[in-house]
Amino acid sequence: MTWELLSETLRLEHYNTRLVVFGVAFLGATAGLVGSFLLLRKQSLLGDALSHATLPGIGIAFAVMAAMGLSGKSLPGLLIGATITGLLGVLLVLAIRKTTRLKDDAAMGIVLSVFFGLGVAILKMVERIPGQSAAGLDGFIYGKTASMIWSDFVLIAIILLITIIVTIAILKELTLLCFDADFSSAQGWPTLWLDIILMALVTAVTVIGLQAVGLILVIAFLITPPTAARFWTNRLGWMLFLSATIGAISGWLGVSISALYSNLPAGAIIVIAAAIIFLFSMIFGTARGVLPRYFRHLQLQRKVGRQHLLRSTYEILENTQNGEPLKNLPISMDLLRKHRYWGKGELPRLIRQGRSEDHVERQPSGELRLSESGFGEASRITRNHRLWELYLIKYADIAPTHVDRDADMVEHLLGAEIVHQLEAELDLSKPTIDSPHAIEPTEHELQTRPTTKIPPP
Amino acid sequence: MNWTANDFHIILVGGLCAMACALPGTFLLLRRMSMMGDAISHAVLPGLAIAFLISGSRANIWMFLGAAIAGILTALFTQWITRFGKVERGAAMGIVFTTLFAIGLVLIRKAADHVDLDAACVLYGALEYTPLNMVTLFENETSFFAVPRAALVIGATLLFNVLIIALFYKEFKLAAFDPGLAHTLGFRPQFMHYLLMTMVAVTTVAAFEAVGSIIVIAMLIVPPATAFLLTRNLPTLIIVSLIVAVLSAILGQIASHIPPLLGLPDTTSSGMIATTAGFLFLLAWLFGPEGLIKKQSKQLEIPHFD
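These protein sequences, in sequence, are chains S and Y.
Residues 1 to 457 in the numbering used here are what the first sequence lists, from first letter to last.
Residues 1001 to 1306 in the numbering used here are what the second sequence lists, from first letter to last.
Same shape as in the complex, but just chain S:
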């Protein structure tokens, strides 16, 4: 590989490269768009069933055209044949799913394997039709990207245009279908027809993709870009845009790389490029990627842990003192350890975290004491917690014994604003309220509780 070749390829200097790059990129964009709805409809593998189901159509179309005295390999004829059996296959999947106890996967598997078997049987027969060379029909199985010509390109561009127009026209209906099909049909939308329109779009993409990237690899075009896009966003519009872009980029990358290195099948490189983008998205995707999700989880864990530590400390202070106002005294580690259940190594970790956040400080005696800000925070957290418990008991009719667990979770999830609202609703004016289901102080705590009022430190 030379620089010259690289720049030639990147600047699309050759007519052929330009044509193939744009053709495949358009195809990728279209497949990404349509595939998004398939993914959200949880029907990704339908493309698999469909692409296999096109094979008998190709064979039959070849035989019919040969019988009519035409050239058996006329592309439009073959594609029409592929479309017909492809659609038939999809309709059979829908029918099996609707009328039997069999689930999606089995319905797709049956159609896929039987149609593919039939297709191979028919192709085998077609190969032996005298006077017609069927060689190259199996190109549909593995694809022949580099041999794309102008008319193929025009076909792809038209399909892309139609797909975009249809998608925009029925975006609302498709969205409803994808997210809540039952609601959609209860609202009186013709879900069956929407499904059929979606399937028709998928069929169009698959059939066009057949000869560009092949029967197996077009499946990847329908599945991988939308799944990758899903990791970056929770909004449908963005997902559609991203998915189409990822499809186009993997198409461009695949074609360029296979043009640079001889003897690399373009279809396969496209799929590998898409898979690499998928892997990157799965790890780093901001909305649902593995790492961001992990960090969010850690953050939540820190927050919950902090609240547990501060509230426990505050409750111990309440239990070991009688009388208002509450004083911020050092408490022994032993009391803290016995106050609630701590996971293995959890308490030392939380104390380390609390010290770094300047909420607690270690006394020279080894006891723990809340800092100025920690005391305020602890009082706030405890109050929020009890507000919630009270709310749940009074308004949500939950047995008092079951409240604490829920309170924990809700408290961690809700913001200060809602808490203020609650406070107003419950008409509470005290800075701290008593726990509506107070846990009896432990024996230890009672022992440490002084009989007389203790002097301020």
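It is worth saying that the hints were derived from the structure and are not from the lab.
Please read these numbers as outputs of a predicted model, since none were measured by experiment.
Hints may be right or wrong, so weigh each one.
With a cut-off of at most 30 Å between alpha-carbon atoms, the simulated DSSO-like pairs for lysine-lysine come out as follows [as the list claims (entries may be wrong)]:
1) Lys303(S) to Lys1086(Y)
2) Lys103(S) to Lys1294(Y)
3) Lys42(S) to Lys1110(Y)
To give an idea of the interface, some chain S residues facing chain Y are shown, with a C-beta separation under 7 Å as derived from the structure [claimed, not checked]:
4) Leu39
5) Arg41
6) Thr100
7) Lys103
8) Gly109
9) Val114
10) Gly117
11) Leu260
12) Asn263
For each residue, glycine too, the CB sits at the ideal point set by N, CA and C.
Based on these hints, arrange chain Y on the given structure of chain S.
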């Protein structure tokens, strides 16, 4: 009709293979993972290619191992993507098998440069066009050993599957119907899942050489699905799907002789066996106890209730 001893051999190998596939297929169906067979049979390609690159020859134990490992990896990767990426299983499966298949294609293309490898042999032979090799395997009486070998390999696979299912029948049953309960009872559904996947991978690969992927995929799915429409009892389900599998092999081989009788060109046995299985499914779908015809007549009966 041009019926020869070869037909019996084909039926023997095809029938054994169909049964070997239908057994794990039944549990795949119950676990709603029927497409796994399709995914695995595509994804073994890089395994075959790498094994070839390492060992330098086709059709030996290395090929088998490479393919089986690739098959199990497919199940593993799918599981990981589903679990860690929270992606729907179908989509995860689709991504994994298309990617592995693409890697396989590249490897084979590259291998053909350096090693004396007939790319088409692995590509077509191991995937779509194996049945062509199989017919020649039987045509020639001098290579008599080839016939029992294929039947032996498949027979051994069938035996392996029967043994595993007999040993872990209870566990498989529980894991198929209630993985949650299986887990709480300590039956480790995860382990059963991977055992099932291993079975599918081994069966797929063993059957590859002899009959091609078409029969494998079809027999993993169609006979169990057909039986599923005919019974609601697990032992019966297994037996009926075995019967449907054998019937598909016999009737399919007979059907492959029909086109020449009509003046049409010859066709492949494996394609016709898969098609016949589909036809049997259609019959069950229409005429089974819960079939379309029965449903239709039931619907007509309803007005008589009042």
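Hints versus structure:
no.: 1; hint: Lys303(S) to Lys1086(Y); in the structure: holds, 24 Å
no.: 2; hint: Lys103(S) to Lys1294(Y); in the structure: holds, 20 Å
no.: 3; hint: Lys42(S) to Lys1110(Y); in the structure: violated, 36 Å
no.: 4; hint: Leu39; in the structure: holds, 6 Å
no.: 5; hint: Arg41; in the structure: violated, 10 Å
no.: 6; hint: Thr100; in the structure: holds, 6 Å
no.: 7; hint: Lys103; in the structure: holds, 5 Å
no.: 8; hint: Gly109; in the structure: holds, 4 Å
no.: 9; hint: Val114; in the structure: holds, 3 Å
no.: 10; hint: Gly117; in the structure: holds, 2 Å
no.: 11; hint: Leu260; in the structure: violated, 14 Å
no.: 12; hint: Asn263; in the structure: holds, 6 Å
Violated hints for the displayed structure, listed by number in ascending order: 3, 5 and 11.
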